[in-house]
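Given the coordinates of chain F, assemble chain S onto it according to the supplied hints.
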Amino acid sequence: MDVNKIRKDFPVLNRKVNGRPLIYFDNAATSQTPKQVINTIVDYYENYNANIHRGVHALSQEATNAYEGARQKIQYHFNAAHPYEMIFTSGTTHAINIVSSGYTELLNQGDELIVSALEHHSNIVPWQMLCKKTGALLKVIPMNEDGDLIMDAYDELLSDRTKLVFVNHVSNALGTVNPIEEIINKAHAVGAEVLIDGAQASPHIKTDLQALNVDYYVTSAHKICGPTGIGILYGKETSLKRLPPYQGGGEMIAEVTFEKTTYADLPHKFEAGTPNIAGGIAFGAALDYVNSIGMEYIAEYEKELLIYATAALKKIPGLKVYGVSPNKTAVISFNVKGIHPYDIGSILDKLGVAVRTGHHCAQPIMDFYKIPGTVRASFSFYNTFEEIDAMVKAVEKAAQMLQ
Amino acid sequence: METINAAQEEIVEEFSLFDDWMQRYEYMIELGKSLPIIDPEYKTEDNIIKGCQSKVWLHADLEANKLVFTADSDAIITKGIIAILIRVFSHQHPDAILDADTSFIDKIGLKEHLSPTRANGLVSMIKQLKMYAIAFKTQLN
Chain F
1 MDVNKIRKDF
11 PVLNRKVNGR
21 PLIYFDNAAT
31 SQTPKQVINT
41 IVDYYENYNA
51 NIHRGVHALS
61 QEATNAYEGA
71 RQKIQYHFNA
81 AHPYEMIFTS
91 GTTHAINIVS
101 SGYTELLNQG
111 DELIVSALEH
121 HSNIVPWQML
131 CKKTGALLKV
141 IPMNEDGDLI
151 MDAYDELLSD
161 RTKLVFVNHV
171 SNALGTVNPI
181 EEIINKAHAV
191 GAEVLIDGAQ
201 ASPHIKTDLQ
211 ALNVDYYVTS
221 AHKICGPTGI
231 GILYGKETSL
241 KRLPPYQGGG
251 EMIAEVTFEK
261 TTYADLPHKF
271 EAGTPNIAGG
281 IAFGAALDYV
291 NSIGMEYIAE
301 YEKELLIYAT
311 AALKKIPGLK
321 VYGVSPNKTA
331 VISFNVKGIH
341 PYDIGSILDK
351 LGVAVRTGHH
361 CAQPIMDFYK
371 IPGTVRASFS
381 FYNTFEEIDA
391 MVKAVEKAAQ
401 MLQ
Chain S
1001 METINAAQEE
1011 IVEEFSLFDD
1021 WMQRYEYMIE
1031 LGKSLPIIDP
1041 EYKTEDNIIK
1051 GCQSKVWLHA
1061 DLEANKLVFT
1071 ADSDAIITKG
1081 IIAILIRVFS
1091 HQHPDAILDA
1101 DTSFIDKIGL
1111 KEHLSPTRAN
1121 GLVSMIKQLK
1131 MYAIAFKTQL
1141 N
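So the protein sequences, as listed, match chains F and S. Mind the numbering: the first sequence is residues 1 to 403 in this note's numbering, read in order. Mind the numbering: the second sequence is residues 1001 to 1141 in this note's numbering, read in order.
Just chain F, same shape as in the assembly (with noise of 0.2 angstroms):
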């Protein structure tokens, strides 16, 4: 694979920032779209834009294929055993809340939900939400300093009060690849559901619900050459059927009188109103994209770089990584001793560098390490060796500049 070819289909790779080549390493908040996804999306609204489901006239059918179409390329994807158990949604957080709002009806007091200390807000705050409302107990999996989870007193937490378990695949804020095979293994020892939040996952790791025997996975297009807006929530046939529904409204109906309305069957029951019909197929789009490259050759390059920016940051002194698991995906939060995580990251945007800066919607990870937050800088595939050079003297600038 020929990087600089790959970067051609990423038109904004090539535009400048504040006079300089932008490099672009904030692709754990967004990934760039590559010509293919865009071009998705153009021929769909100039070539056979329609409501789906409804209509009988041809627009109709074509857009309705096409959506059906691209819900069945994430199921191969993914791995799942049925398109019906692809659920659409605007996101990952829309997906988890599809979830928890559902578990409202399925809680008693006293049940107890477990989630992990590496989660993005929107896998605690939904949670909690349900707490407050059912009497429900949060139980957290602490991490240790490397930015791995305690598996023990996982185990530890454990009980026949456990209904449901929610962790992230990968952590947003540090990288850190979590045991999830264990953790939905040990869960269901115990009879509890498991979600798994993929967001920071997809883009690098291909999953396999079904060997996963996951309850719910959820993840969103956007974080994987897709557009905003479009996601997916994956349930089990067995868990989605059990769940209540979210929203009520059209599509997600099989009958309606004033009395009393029945639902419709999956996906429908979860999927009401006219959904992001464009982003729904340019989530295909960009599912075919990644594969063209191979998901393989994209984590192997991905670790590379990985490995070559870690090494040649920590030659900076004063320089700190926060998150040094073994098991990694390709993102760096780093702090140079005594300097503001937002100064080093306002003067890398001057130096045409994108990154991530502040807490990463990870407050409890940036309070476990008592500091403000970091600077991230999370990579792609379409990212180069000579972009982290130049990304490096950036930091050693800014440091210059601020101590």
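Hints listed in this document are in silico derivations from the structure and should not be mistaken for laboratory results. Careful, some of the hints might be misleading.
Within a straight-line C-alpha distance of at most 20 angstroms, the following computed PhoX-like cross-link-like pairs (lysine-lysine) qualify [to be verified]:
1) S:Lys-1137 x S:Lys-1043
2) S:Lys-1043 x F:Lys-370
3) F:Lys-206 x F:Lys-139
4) F:Lys-303 x F:Lys-314
5) S:Lys-1055 x F:Lys-370
6) F:Lys-397 x F:Lys-314
7) F:Lys-163 x F:Lys-206
8) F:Lys-163 x F:Lys-236
9) S:Lys-1033 x F:Lys-337
10) F:Lys-337 x S:Lys-1055
11) F:Lys-206 x F:Lys-303
If you want the footprint, here are the derived chain S segments under chain F, 3+ residues with CB under 8 angstroms [claimed, not checked]:
12) 1021-1028
13) 1065-1076
Pairwise CB distance ranges (calculated) [unchecked claim]:
14) F:Asp-389 x S:Ser-1103: 39 to 47 angstroms
15) F:Ile-371 x S:Glu-1045: 34 to 42 angstroms
16) F:Arg-54 x S:Ser-1103: 50 to 58 angstroms
17) S:Asp-1046 x F:Gln-128: 19 to 27 angstroms
18) F:Asn-18 x S:Ser-1034: 23 to 31 angstroms
Quick caveat, the model's predicted, so the values are computed rather than measured. For every residue, glycine included, the Cβ atom is placed at its ideal position computed from N, Cα and C.
The following block gives chain S in isolation, referenced to the frame of chain F:
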């Protein structure tokens, strides 16, 4: 004490001496070092300005009908920004602070700090300065 407008013009002139962003940032970092630092007793949760990525504490005292601001931040660039604002707004009558426009920020190339995310920082700082002016104005009347 010079007027708010005169202080703004002076700062615009100083910044016009620099031809690139790096010099402007270096100067801003320098200005941060001259910030009148808030008394530790006022460095409380209540005095933190919300909406900034870095922490900013701001306090005001009334001296001879004029507001005197002190502040601090844990980020050095932010410290420079608040130092510039305090240089403009400190030792002024609450009415003058409330009437002041803040277009000078564009002119010194800090406009990016007004962009939606960061902006929150700078916008919140100005808002908080003006809130103090409103509070003390009531006290004066």
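Here is how each hint holds up against the structure:
1. S:Lys-1137 x S:Lys-1043: violated (23 angstroms)
2. S:Lys-1043 x F:Lys-370: holds (19 angstroms)
3. F:Lys-206 x F:Lys-139: Distance ~29 angstroms between F:Lys-206 and F:Lys-139 Cα, so the pair is violated.
4. F:Lys-303 x F:Lys-314: Given pair F:Lys-303, F:Lys-314 holds - Cα atoms ~16 angstroms apart, limit 20 angstroms.
5. S:Lys-1055 x F:Lys-370: Holds - the C-alpha atoms of F:Lys-370 and S:Lys-1055 are around 14 angstroms apart, at most 20 angstroms.
6. F:Lys-397 x F:Lys-314: holds (15 angstroms)
7. F:Lys-163 x F:Lys-206: violated (27 angstroms)
8. F:Lys-163 x F:Lys-236: This hinted pair holds, its Cα atoms lying about 16 angstroms apart.
9. S:Lys-1033 x F:Lys-337: holds (19 angstroms)
10. F:Lys-337 x S:Lys-1055: holds (17 angstroms)
11. F:Lys-206 x F:Lys-303: Holds: F:Lys-206 and F:Lys-303 sit about 15 angstroms apart, inside 20 angstroms.
12. 1021-1028: holds (count 4)
13. 1065-1076: holds (count 3)
14. F:Asp-389 x S:Ser-1103: 39 to 47 angstroms: holds (40 angstroms)
15. F:Ile-371 x S:Glu-1045: 34 to 42 angstroms: Violated, since F:Ile-371 and S:Glu-1045 (Cβ atoms, about 18 angstroms apart) do not stay within the stated range.
16. F:Arg-54 x S:Ser-1103: 50 to 58 angstroms: Given about 53 angstroms between the Cβ atoms, the range holds.
17. S:Asp-1046 x F:Gln-128: 19 to 27 angstroms: Roughly 25 angstroms apart at Cβ, these two residues keep to the hinted range, so it holds.
18. F:Asn-18 x S:Ser-1034: 23 to 31 angstroms: holds (27 angstroms)
In summary, the structure is inconsistent with hints 1, 3, 7 and 15 from the numbered list given earlier, while agreeing with the others.
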